[in-house]
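Novice: One-letter residues, chain by chain:
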Amino acid sequence: MNVYDRMAELSVTLPPPPAKGGLYTPAVRFAGNLVYVSGCGPNIGGSNHIGKLGAEYSIEEGADFARGCMLNVLAALESRVGDLNRVKRCVKVLTFVACADTFYAQPQVANGGTKLLADIFGDENGLPARSAIGVNVLPGNMPVETEALFELIDGI
Amino acid sequence: MNVYDRMAELSVTLPPPPAKGGLYTPAVRFAGNLVYVSGCGPNIGGSNHIGKLGAEYSIEEGADFARGCMLNVLAALESRVGDLNRVKRCVKVLTFVACADTFYAQPQVANGGTKLLADIFGDENGLPARSAIGVNVLPGNMPVETEALFELIDGI
Amino acid sequence: MNVYDRMAELSVTLPPPPAKGGLYTPAVRFAGNLVYVSGCGPNIGGSNHIGKLGAEYSIEEGADFARGCMLNVLAALESRVGDLNRVKRCVKVLTFVACADTFYAQPQVANGGTKLLADIFGDENGLPARSAIGVNVLPGNMPVETEALFELIDGI
Numbered sequence: 001m002n003v004y005d006r007m008a009e010l011s012v013t014l015p016p017p018p019a020k021g022g023l024y025t026p027a028v029r030f031a032g033n034l035v036y037v038s039g040c041g042p043n044i045g046g047s048n049h050i051g052k053l054g055a056e057y058s059i060e061e062g063a064d065f066a067r068g069c070m071l072n073v074l075a076a077l078e079s080r081v082g083d084l085n086r087v088k089r090c091v092k093v094l095t096f097v098a099c100a101d102t103f104y105a106q107p108q109v110a111n112g113g114t115k116l117l118a119d120i121f122g123d124e125n126g127l128p129a130r131s132a133i134g135v136n137v138l139p140g141n142m143p144v145e146t147e148a149l150f151e152l153i154d155g156i
Numbered sequence: 001m002n003v004y005d006r007m008a009e010l011s012v013t014l015p016p017p018p019a020k021g022g023l024y025t026p027a028v029r030f031a032g033n034l035v036y037v038s039g040c041g042p043n044i045g046g047s048n049h050i051g052k053l054g055a056e057y058s059i060e061e062g063a064d065f066a067r068g069c070m071l072n073v074l075a076a077l078e079s080r081v082g083d084l085n086r087v088k089r090c091v092k093v094l095t096f097v098a099c100a101d102t103f104y105a106q107p108q109v110a111n112g113g114t115k116l117l118a119d120i121f122g123d124e125n126g127l128p129a130r131s132a133i134g135v136n137v138l139p140g141n142m143p144v145e146t147e148a149l150f151e152l153i154d155g156i
Numbered sequence: 001m002n003v004y005d006r007m008a009e010l011s012v013t014l015p016p017p018p019a020k021g022g023l024y025t026p027a028v029r030f031a032g033n034l035v036y037v038s039g040c041g042p043n044i045g046g047s048n049h050i051g052k053l054g055a056e057y058s059i060e061e062g063a064d065f066a067r068g069c070m071l072n073v074l075a076a077l078e079s080r081v082g083d084l085n086r087v088k089r090c091v092k093v094l095t096f097v098a099c100a101d102t103f104y105a106q107p108q109v110a111n112g113g114t115k116l117l118a119d120i121f122g123d124e125n126g127l128p129a130r131s132a133i134g135v136n137v138l139p140g141n142m143p144v145e146t147e148a149l150f151e152l153i154d155g156i
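Protein chains in written order, with the working numbering: chain A, 1 to 156; chain B, 1 to 156; chain C, 1 to 156.
Each hint should be verified, as a subset may be incorrect.
Stretch-level coverage of chain C by chain A, calculated; a stretch enters the list once three of its residues show a Cβ under 8 Å from a Cβ in chain A [what the hints assert, rightly or not]:
no. : segment
1   : 25-38
2   : 125-136
When the alpha-carbon atoms are kept at most 16 Å apart in a straight line, the in silico EDC-like pairs for lysine to aspartate or glutamate are as follows [to be verified]:
no. : chain 1 : residue 1 : chain 2 : residue 2
3   : B       : 20        : A       : 78
4   : B       : 88        : B       : 154
5   : A       : 88        : A       : 101
6   : B       : 20        : A       : 124
In silico negatives: residues of chain C with every beta carbon more than 12 Å from chain A [what the hints assert, rightly or not]:
no. : residue
7   : 44
8   : 49
9   : 80
10  : 85
11  : 91
12  : 101
13  : 141
14  : 151
Treat the hints as calculated values from the structure; they're not laboratory data. Where a beta carbon is used, it is the ideal one built from N, C-alpha and C, also for glycine.
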């Protein structure tokens, strides 16, 4: 199914590509059909979520932040490749969760992002290899950050 | 030498592939001959190690945990590619060490995992590029987590 | 322009390749033209910077450390590939900043490393995809660590 039809069914709308927060490139294509997307935070539009899991935010809020990170990742990817129907699969995701030292549910948080990928691209191509880790703090005090590696379809 | 003969010499037995802890794929093959293995913890069989380096655990225990993580990584890799003789090299490892703010021996911990790779695949193909970092907490309060990128032999 | 002429203009001198701090390979070439460089710290020559951002060090000092990390990354890369004119682009950088729980300027720190890449290789090829995260502690209590993925020019 066309990816954009699927997103319409899911009522998923991509935000504008996230503003760059430093000296880097939002999404870099390399080795033919691979694209690395820079770490993206959860803020969309005018939102400015700050704080940490296990302190200011619950697991459910964290999962929603991880979903927001992935929406920004997809917006950066689309901005680079033009058409998300060119995505063969999401290869790898690394999700960082800013959290208290006693917060242990990083995977449940990260699921909010990879569930979106599976919903859009299907389980087989949408569920990447993944690591989800805790960190003591992220840029701008944002609660979650996600980077991702994608593979594109040959010859498109 | 056949990888499994080498493992037998070393008395290394792979565990069953680790149970998935979320919405992801344990090992994803991409770009022809590359495989990304998701972050794996140290628990094998019924063990449930929880706690941090520089607090509950010593460097030596940490190195043994990193070895356990790598056994799980190899089990996930074998489950995806079928035969570890197809491994050309381990390209890259990222080892996260949950630790006290004053624990500085992350590389010695990570060595427990990469030593296993070198023992099995030889120094030239077994020793990957690596980063070893401290983090304040990991999923389920596990002490060590490792993800890895492998390259397979062409045409097998 | 020849990369070494550009470095001379910038008065950039590469240090000797950093000493290995464990069981790994400083830079691994794979999948034809890709090279993964292991996590490098900021110390060059006899320096031994220890401590954290938001505690012992300022943002400006952190950016200088990130530049030092990148000099070590480039030295490890050159040691593997022989001639930095073979670099097509820097694909991806991951910068870890050891910091206080209330330090939020990881991107400004990481900019010190990616600015060096842009100065040497140009914005288009020098600015990689990037994540910059905080961690509670790094090996040897160093303040910043950077790993990097490079793509080489075909057929050289």
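Novice: Confirm or reject each hint.
Specialist: Right, here's what the structure says about each hint:
no.: 1; hint: 25-38; in the structure: holds (count 4)
no.: 2; hint: 125-136; in the structure: holds (count 10)
no.: 3; hint: 20(B) to 78(A); in the structure: violated, 29 Å
no.: 4; hint: 88(B) to 154(B); in the structure: holds, 8 Å
no.: 5; hint: 88(A) to 101(A); in the structure: violated, 37 Å
no.: 6; hint: 20(B) to 124(A); in the structure: holds, 15 Å
no.: 7; hint: 44; in the structure: holds, 21 Å
no.: 8; hint: 49; in the structure: holds, 20 Å
no.: 9; hint: 80; in the structure: holds, 17 Å
no.: 10; hint: 85; in the structure: holds, 18 Å
no.: 11; hint: 91; in the structure: violated, 5 Å
no.: 12; hint: 101; in the structure: violated, 5 Å
no.: 13; hint: 141; in the structure: holds, 15 Å
no.: 14; hint: 151; in the structure: violated, 5 Å
Hints 3, 5, 11, 12 and 14 from the earlier list are contradicted by this structure; the remaining hints agree with it.
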